[in-house]
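Participant: The chain contents come next:
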Amino acid sequence: MPNLASMSFFIPELILSAVALILFIFALVSDKAGKKGEYASVIAIAGLLASAVFVLKNFNIGSPPLFWGLLVLDKPAAFFKEIFIITALIVIIFSQRSNELRAGANDSAEYYSLLVGSVLGMNLLASANNLLMIYLALEFVSLMSFILVGFARGSSRSSEAALKYVLYGAVASGVFLYGASLYYGLTGTLDIKSFLTISPSPHLTISLAGLFILAGFLYKIAAVPMHAWCPDAYEGAPTPITAFLSVAPKAAGFAVLMRVFSAAGDGFNWPLIIAVISAATMTFGNLAAIPQTNVKRLLAYSSIAHAGYLLMGVASGTPRGAEAVYFYFAAYLVMNLGAFLVVQIIANTSPPLMGGDIGEGGRESLAAYKGLGRRGASGAILGITMTIFLLSLTGIPPFVGFIGKFYIFAAVMDAKLYWLAFIGIANSVVSLYYYMRIVKTIFFDEPADAVQPAFSSRRLAAILGVLSFATIFIGLYWQWLSNIVAAVIA
Amino acid sequence: MKGYFPLFLLLQTGMTGVFVALDFFLFYFFWEVMLLPMYFLIGIWGGPRREYAAIKFFLYTLVGSVMMLLVMIAFYFYSEGNTFNILTLMDQSVHIGPMTAHNFRLLCWLGLMIAFAIKVPVFPFHTWLPDAHVEAPTAISVILAGILLKMGTYGMIRFCYPIFPDITFEFAKWIAVFGMINIVYGALCAMAQKDFKRLIAYSSISHMGFCLLGMASFTNEGMNGAVLQMFNHGTITAQLFLIVGIIYDRVHHRDLEGFGGLAHIMPRYAVWTAIAFFAALGLPGLSGFISEALVFLGAFKMWPWYTAVSVSGVVLTAAYVLWTYQRVFLGKINEKYKNLPEISWRETVTLAPLALIVVILGVYPKAMLDIMNATLVGINQLFVK
Amino acid sequence: MQLEYYLIIGLILFLLGLYTCLTRVNAIGMLMGIELMLNAAGLNFVAFSHFNGNHIDGHIMAIFIIVLAAAEAVVALAVLLAIYKRFKVIDTDKVVTLKE
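Chains as they are written, first to last, in the working numbering: chain A, 1 to 490; chain B, 491 to 875; chain C, 876 to 975.
A few of these clues could be false.
Straight line, CA to CA, 30 Å or less: simulated DSBU-like cross-link-like pairs of lysine-lysine [claimed, not checked]:
no., chain 1, residue 1, chain 2, residue 2
1, A, K193, A, K416
2, B, K663, B, K791
3, B, K492, A, K440
4, A, K75, A, K193
5, B, K546, A, K370
6, B, K684, B, K822
7, B, K546, B, K492
8, A, K370, A, K193
9, A, K440, A, K75
10, B, K684, B, K791
11, B, K684, B, K826
12, B, K546, B, K684
13, B, K492, A, K370
14, B, K828, A, K440
15, A, K36, C, K969
Computed Cβ-Cβ distance ranges for the label pairs, DEER-style [claimed, not checked]:
no., chain 1, residue 1, chain 2, residue 2, range
16, B, A629, A, L211, 39 to 47 Å
17, A, W480, C, H934, 34 to 42 Å
18, A, A426, C, M907, 18 to 26 Å
19, C, K969, B, A629, 56 to 64 Å
20, A, Y433, C, L952, 38 to 46 Å
21, A, S457, C, K960, 31 to 39 Å
22, A, A487, C, G928, 40 to 48 Å
23, B, L512, A, L204, 17 to 25 Å
24, A, Y433, B, L516, 22 to 30 Å
25, A, R153, C, N901, 39 to 47 Å
26, B, H743, A, A426, 47 to 55 Å
27, A, L14, C, H934, 24 to 32 Å
28, A, S457, B, F495, 56 to 64 Å
29, A, V29, C, M907, 34 to 42 Å
Hints were generated in silico from the structure; no laboratory data involved. Owing to the predicted nature of the structure, the values given are computational and were not obtained by experimental measurement. Every residue gets a Cβ at the ideal spot worked out from N, C-alpha and C, and that includes glycine.
Full structure from sequences and hints, please.
Facilitator: This is how it looks when you write it as structure tokens:
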């Protein structure tokens, strides 16, 4: 489809670009000290909502290739776009009441601008159909995330996290590009569809190109062996950004991974390679999470493990597998954001539940959760909701995580990857241990003092309620969500 | 205490659900739902090592249930019409694809069997049980012994038997062997215990062995005996745990050597204990005897040698039960406990109905057997070649 | 000139870049390594497109690589400045407050 005709299908992205730019200008011209961030966040929310509406409007139009095939507007792309937007909306609400970000309240308009920009990049990544577009979108998302991770300028660990993230990211994109160049040389095109046109015999160079390209995507989803940045970046970033990174860019990575490696056909046995990576990723994530004492870092490792579970769905290489991945992302969004929200509320409580600064032994450490369930009503609520999210992450009914895992395992069994299913269930059991360690600390340990955590704001309490309700509700009544997912596949 | 009763009711929900579910997915759902409240009940209201016991219980059971999850999914894909309906799955003709191949069936059977065996618990998987029992509060121990353990044997009869009759028949020998090990090993371990509650936990393992042995016999007597034993174990062991709870409330320890002569101090308590103890060792006239006798009667036809060894378990049971009674209730009065209050009416009310059932079923087992006979004969029909 | 020469130079550049990234602890050094890798890919793209009848895609890609490499360097250097202000070093092995 030529450029001008494509524009009418490009409205969601246009809105996002406009909003990002408006926010930048707003940051420059506005002099409403103190209220600036609040206004900016409202503009961002409005823009994201408008964009979401137009994405939905374009849901059922087939899959037209836009801009001469650089982008394709199919249903999975639309689904992922909604995931990004919903995540961003929830994270914006987190950010409005985050102490870490309030330190730099003067540039909060830029913060929201970057967030919207990052959603724009992910939207492009989800529908990119050409290596050039993929590269541009990948870099766009990465650049935004680098800045967001380092956004808490008063904090040295935020800068350190950003440094590690940038260096790993740049190396990953270099590797990806080199793979892309080999691919271009072999096929004479940047269109990813032509993976199919190369002879199916596993040719060394094309396999190498494929592996290098894969490495770029694995970096985005924090899968082994490209995971090393993840714990540091997640721990150092402001908590709302950690929550954002753990869901949205990961989803974007999966969107493009599934697009490229489903178009790749089965000439090179990608499913097997992805299955091995999946097994390694979840095993590493779960084992490394066990000794962690910082809850944020623990959740970072758990998110690596979840990337592994999700890769199981990709590895099955069937529509059922794709369906499972989509479903799991919806589930993962709810429960993971919820867990990070509790971390944020606990860390922001003042006076702190644990004395000291933020790092070791501080307010994000497991010690701050000691006896949380016995610290009055607010403590009990936080404890119970955290338990709900963690059990859901483990995959215990009646929570949504179980249904997600059920679909994933069903897809893997359907693809006859029994060994992978065994590794998957073994990992589920391991993950129970470290999630339960948090639950144990919350309910079984005695609190060190009588300080009660306080909900710093009503809107965080409300969003916490919504997320935990969704975790239970979808866990009991998931048919509508699986209908949506089935519609995405159809 | 605020959280205790909601959790207790949730536990009840899960257990009821497990026993009424006729859909595999629903069964699994309730099976897992039940884990959560149990974990918290042991972990929050338990004894000194409660955290360890709670997580051990959770991990062990989860290992089993994730295997069940895989088998469940396999059933979905390899049954005609992709069903989770247990009644449909009993019909062997709906099994398709790999589910008709022997080795795959064996794998599935094993997955289910291990999941249930952990719950029973069968010998190599039993170590969570003493810990959980010792640390759990009395009421939870009663539920654990009385109902939770039966979920394992119930599962075997509900799933492994009718859905995989061929594999079950092929490996019946091993069920019998593990039943035998449970009986003898449980009894021997019980004998060595110094902690009252731990002793009963091991006796519980021993008694569940009878269920396995009876189930492995494929005779009407054996099956009836096994299921009756499940019920009787529920009433008898529940009493035993209540009895331990009563004395623990008063003296705050469970060391068997630390009592002595309680029969003189608390005579009524001693009588209630005697009823439960004699029922546990299989005294004729009490319900434990009927089920054990039926199990041996049935099992001897099929597995004479294993049964013969298992009978020694009865002797061992008598030994540790009587020895325990002697240590706690007879002998020299421990001066420290001279003024212990007698059993209260509230405690009597919890024990009396259970004791009544034990006596009634001891003289009139038909009341139970009539209810279950038809079903069990039906299941046995599957194995009549 | 044959295609192979370009590819070999590209490969050498790429490997040098990767080697630099993996062995250097100085963040500026790593950035230089990254530039090498990006330029290796860029060289490959141009070479391939030249020997493929001046196919336009490769040239465009190369231009974008140059642009994005600059953008990436800007962000990376900004982060490095922040790091330097705080830690007074830019060696990645010394900038450690997050535990391994």
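Participant: Given a hint of 34 to 42 Å, does the C-beta separation of W480(A) and H934(C) actually sit inside it?
Facilitator: Given range 34 to 42 Å: violated, Cβ gap about 49 Å.
Participant: Is 39 to 47 Å right for how far apart the beta carbons of R153(A) and N901(C) are?
Facilitator: 23 Å Cβ-Cβ, so the 39 to 47 Å window is violated.
Participant: Check the hint pairing K370(A) with K193(A) against an upper bound of 30 Å on the C-alpha distance.
Facilitator: Not satisfied, since the Cα-Cα distance of roughly 53 Å exceeds 30 Å.
Participant: 56 to 64 Å was suggested as the range; check whether the CB atoms of K969(C) and A629(B) agree with it.
Facilitator: holds, 58 Å
Participant: A487(A) and G928(C), beta-carbon distance inside 40 to 48 Å?
Facilitator: Because 44 Å falls inside the window, the suggested range holds.
Participant: Check the hint pairing K492(B) with K440(A) against an upper bound of 30 Å on the C-alpha distance.
Facilitator: This hinted pair holds, its Cα atoms lying about 18 Å apart.
Participant: Between the alpha carbons of K440(A) and K75(A), is the straight-line distance 30 Å or under?
Facilitator: violated, 42 Å
Participant: Taking 47 to 55 Å as the hint, is the beta-carbon distance of H743(B) and A426(A) inside that range?
Facilitator: Hint violated: Cβ distance 40 Å, outside 47 to 55 Å.
Participant: Given the hint that K546(B) pairs with K684(B), does the C-alpha gap stay at or below 30 Å?
Facilitator: holds, 22 Å
Participant: Is it true that the C-beta distance of L512(B) to L204(A) lies inside 17 to 25 Å, as the hint says?
Facilitator: violated, 56 Å
Participant: Between Y433(A) and L516(B), is the Cβ distance one that fits in 22 to 30 Å?
Facilitator: Holds - the Cβ-Cβ distance for Y433(A) and L516(B), about 27 Å, lies within 22 to 30 Å.
Participant: Would you say the C-beta atoms of A629(B) and L211(A) sit inside 39 to 47 Å of each other?
Facilitator: violated, 59 Å
Hint violations for this structure: numbers 8, 9, 10, 14, 15, 16, 17, 18, 23, 25, 26, 28, all remaining hints satisfied.
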